[in-house]
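> Protein chains in written order, with the numbering used here: chain A, 11 to 343; chain B, 11 to 343; chain C, 11 to 343; chain D, 11 to 343.
Take these hints with a grain of salt, some might be off.
If chains are identical, the list can't say which one is meant, so a pair holds when it fits in one copy or spans any two.
Said to hold, decoys possible - In silico BS3-like links for lysine-lysine, alpha-carbon gap of 30 Å or less:
id: 1; residue 1: K113; residue 2: K255
id: 2; residue 1: K255; residue 2: K172
id: 3; residue 1: K29; residue 2: K329
id: 4; residue 1: K94; residue 2: K255
id: 5; residue 1: K25; residue 2: K329
id: 6; residue 1: K25; residue 2: K38
id: 7; residue 1: K123; residue 2: K25
id: 8; residue 1: K255; residue 2: K147
id: 9; residue 1: K329; residue 2: K123
id: 10; residue 1: K338; residue 2: K94
id: 11; residue 1: K29; residue 2: K147
id: 12; residue 1: K309; residue 2: K329
id: 13; residue 1: K25; residue 2: K147
id: 14; residue 1: K38; residue 2: K338
id: 15; residue 1: K103; residue 2: K123
id: 16; residue 1: K329; residue 2: K94
id: 17; residue 1: K147; residue 2: K113
id: 18; residue 1: K255; residue 2: K38
id: 19; residue 1: K329; residue 2: K38
id: 20; residue 1: K309; residue 2: K29
id: 21; residue 1: K29; residue 2: K338
These are computed hints drawn from the structure, not numbers from a lab.
4 protein chains.
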Amino acid sequence: MAIRFGLLGAGRIGKVHAKAVTGDAQAKLVAVADAMPAAAQAIADQYGCEVRTIEAIEAAGDIDAVVICTPTDTHADLIERFVKAGKAVFCEKPIDLSLARVKACLEVVRAHKGTLMVGFNRRFDPHFRAVRAEIDKGTVGEVEMVVITSRDPGAPPVDYIKRSGGIFRDMTIHDFDMARFLLGEEISEVVATAAVLVDPAIGVAGDFDSVQVLLKTASGKQAMISNSRRATYGYDQRIEVHGSKGAVSAENQRPVSIEVATGAGYTRPPLHDFFMTRYTEAYAAEIATFIAAMAGTGKAEPTGEDGLVALALADAAVKSVAEGRVVKLSEVM
Amino acid sequence: MAIRFGLLGAGRIGKVHAKAVTGDAQAKLVAVADAMPAAAQAIADQYGCEVRTIEAIEAAGDIDAVVICTPTDTHADLIERFVKAGKAVFCEKPIDLSLARVKACLEVVRAHKGTLMVGFNRRFDPHFRAVRAEIDKGTVGEVEMVVITSRDPGAPPVDYIKRSGGIFRDMTIHDFDMARFLLGEEISEVVATAAVLVDPAIGVAGDFDSVQVLLKTASGKQAMISNSRRATYGYDQRIEVHGSKGAVSAENQRPVSIEVATGAGYTRPPLHDFFMTRYTEAYAAEIATFIAAMAGTGKAEPTGEDGLVALALADAAVKSVAEGRVVKLSEVM
Amino acid sequence: MAIRFGLLGAGRIGKVHAKAVTGDAQAKLVAVADAMPAAAQAIADQYGCEVRTIEAIEAAGDIDAVVICTPTDTHADLIERFVKAGKAVFCEKPIDLSLARVKACLEVVRAHKGTLMVGFNRRFDPHFRAVRAEIDKGTVGEVEMVVITSRDPGAPPVDYIKRSGGIFRDMTIHDFDMARFLLGEEISEVVATAAVLVDPAIGVAGDFDSVQVLLKTASGKQAMISNSRRATYGYDQRIEVHGSKGAVSAENQRPVSIEVATGAGYTRPPLHDFFMTRYTEAYAAEIATFIAAMAGTGKAEPTGEDGLVALALADAAVKSVAEGRVVKLSEVM
Amino acid sequence: MAIRFGLLGAGRIGKVHAKAVTGDAQAKLVAVADAMPAAAQAIADQYGCEVRTIEAIEAAGDIDAVVICTPTDTHADLIERFVKAGKAVFCEKPIDLSLARVKACLEVVRAHKGTLMVGFNRRFDPHFRAVRAEIDKGTVGEVEMVVITSRDPGAPPVDYIKRSGGIFRDMTIHDFDMARFLLGEEISEVVATAAVLVDPAIGVAGDFDSVQVLLKTASGKQAMISNSRRATYGYDQRIEVHGSKGAVSAENQRPVSIEVATGAGYTRPPLHDFFMTRYTEAYAAEIATFIAAMAGTGKAEPTGEDGLVALALADAAVKSVAEGRVVKLSEVM
């Protein structure tokens, strides 16, 4: 029997998940809730589901699982409410911007033996997944060094940055999770450098727009991350893993892969414009994994614990920049 | 209001089109017909449409258009019946293996001012389409020479080849259409060489499995095609256009684009395994174009005439191999 | 002891060979001859050898081998003279533009048991050589289809074309040799199409500037060649071999291999500007092979016979275009 | 008139420079010195120069410049002696492993108004040079972030590491210089992480074999470096520059650039095996630059000062690893 879903939040990412749920033969979208009735109605119209309140979904007997796509500051509360209501929960990252709040929330999940999966979509990108599969197969031997490049086409509004927790907690957090996914061993040390080069207003808001991070595990595996809030050539998303027997990498993706040759040289088109087009397949695979987990044929990973550690790494990076030193993860956890 | 569809044929390609029609907000799949009731029922179940007979669809007042995915030898008859019934028709290629039959069919379409679009899916591949867009923009200047490589991962059963009209009419026909799409001028001359290298049984059946074709237009534009029924590395589909100001090409596509580096070198995975995965986007865009044409916002192209000319080029290639000479298209049309 | 060389012809390609001979520890450049004394003197000054007449080199006791880089219409006579004088001969292609004259010349070489190597430089390109090595290793299985793309950055002066024997004998001849090098079996059939698209004056001179050729061996191996006298993006030189177990290709080379990414896309610089820079390594390896052959550690290949067959293929292509049909090599040999 | 050279040191790198000097029309190799007479004699035989003692070269009236390729611990002394003797000096990096000794040496050079160029060969690689040229042209706008990957095919003997000053001073030093070359602004801060993953004996010797470095300038430009003493796929040498208007990168180079396609995927050969083959063109261009500088048509750069700063960055990295913190360059200079 199909898993019955409620969707909380009908914004941009909510629409992505609505499409993924309705496109999966093992799932059925039963209801959608949003503070903006028109947004919820649009999804209801397109996919033939009901508009309900969050409370109604919480109390519903015909809903097995929810996908939380509401604003960040509601995530932890909603996770707790729906876990208590006995629903499986898929929540967009982050769980919360406060490590203490995340820990408390995960305590509630554990206490209720709830299912919580956190939306680190990049783990489900087929190319990144294939990189991980090569590691698992032993192709590159022992993982030694990881290089992650992640650059956004443009900076978000300063208002967003103020709410987002800053570049390390909102953007680099994906790379922290990816580093963990690839290193296969917990990170113990973090050091970062940071600058404001793209938009001075970001600096005024107390944040950075161009950052570099080094990570290290207890056994000496290392990773480095390069982030910028600017990339004129599209959404730059690359990973590279170097190991004792070889290396494996995933290059950038572009929507159209032609090449034009003229006297000016050989030109390929720019990359995808941002995550909605770049990670289309990843979003679908992510929800499929959650559904499979509920159907008993997979694991609901990344977990709440993965969300917690990624946030802690972000906190450590913030501290490292402030104090000009290597910060141990144990200092912030 | 949505365009209402009937689907004739519920096999592999019928399923592809059923998904495309139901995924398009401007269209609605009303009914499906197939000689195998179970096949039709499976589609009806998945997409919530009715199972009907072909006759019922022909007579239906609630159907505006049909998609013909039945066996080749039924295409021309069905096109005529549904055009006479006032339905717009999308038909998988080819219209028929006999040039005379195709001409008679197109006469009926014209007489009834019918709408007929033929399924040369490759024109809708986003990469090939982008190649054509560069030509239209003038990036490469006047088109001078086209190179098309098309190799199947493996040979079809000899039974299929006997029914298919042979390699030129079943496989190269796509490349003939692509050459016309890219040259932008009618082809006037054809010459080909052919051999049996993959499967001797194909030779026994009177066909070839490895062929090369040269094409030329009246003004001297030229194209060349390399076809093989074998490619160990996947479905090899490349086009390249050389013009007075530059060149543009579309490289092969692979489902996963990672690269592994070891002492043995740098390795990327094989290509897509065949057309169903390689041309997923093309199939969707093809039906979207047909729907748009009916909605008045596009053209139902490639037309029946395009289907006719591609078949005539195949006939000319067969004749060229038999007679060891350049054959003018006017000799066979 | 070093092989002692005389150089006949001190033009552009003569300089290339002078550098190759003097850079080889097993060889010594003793003398140079040229109708233009200044040209000969320049080489003599740079490499510390003597200027002599052709007659003096012919009679010299201190010269073991000659490199012939004089105008084409002197090649056959000089080959005969120097073979008779007991010198090993390396001659730039072609031996002559007349098949009858080439045959007569090779007869003289055979009669005197002379050593004659012909300058098809591309066989010595490290990348093309590596392609051939993969074939020899069996990586691609039985060779089935070869695709050769060869485009010059610009058309030569019409005066040159009049003397050169036309595009098939002066430009495609390299591709005919390359096809033989890769197919590993003699070509039995040739068919070509041709047009004038680049420079009408070339058409007035009775030649073509854009040609396509199909080749076939007795067992059904096939090759196709695309040639143009124009390529805005540099010297386009690619080969591709498709076999029963796989394929192998050599891509274009560029002097600088960076990539610039901007909003306009990802751009790599144009290719090499022409053969002098593209085939630098090939020219050096070619002369090293000739020297090695004389030192008894290699073969003086390609031979005069290779030069003969390549010219015959060109003659067959000319005939094919004139008569609009497949021409057997046996018709022209 | 040609610049007359003395070569000090006839080992591996001495031979490279001997070839470069003798191949340059503006230079003449007059004499070579080496503690091993046979090594000096071999170069003298091949290039027709004399074997002399260092003292004789120092006193010679027929020598304008020297190339120092002797062991590292003799560099500073030889620079001082030859600058005092009025010769222009090209010295292999590093000048010395002690910052104080380097400073003293540069003081002597300045006092005698000597010419000193230091051998950071990578600045002369045509691809890296082209990257810098794009920066200079403004293609990428303001440089913001640099990523340098540098991995050796294998670890050197532990004996070498003991003498070399360790990975930061012997290997990363090239990347420090490259970062300065590309950033176009002095680096003010350094932080590094380091591990022993390749060879435990390296750890026993007090060094690391896998390191990561972050660099930052006063204005916030940043760079990151990934180094390993191991790379199974060849000599991994890449740079990438990200700026306000775009990015530019130089990919790895391989001696043979073919691609083999089979059921196992698409494979290109490994990279160059090490610096001698990878940087052939760079070594020649480096000496040509030194010669041009003496001929008054160029600059003798990188200078002794460049050598000093690169060493200071290495010292800062060592200190950063030891103290787990960001180190300012001013702390070590």
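> Output the numbers, in ascending order, of every earlier hint that fails for this structure.
1, 3, 4, 5, 9, 10, 11, 12, 13, 14, 16, 17, 18, 19, 21
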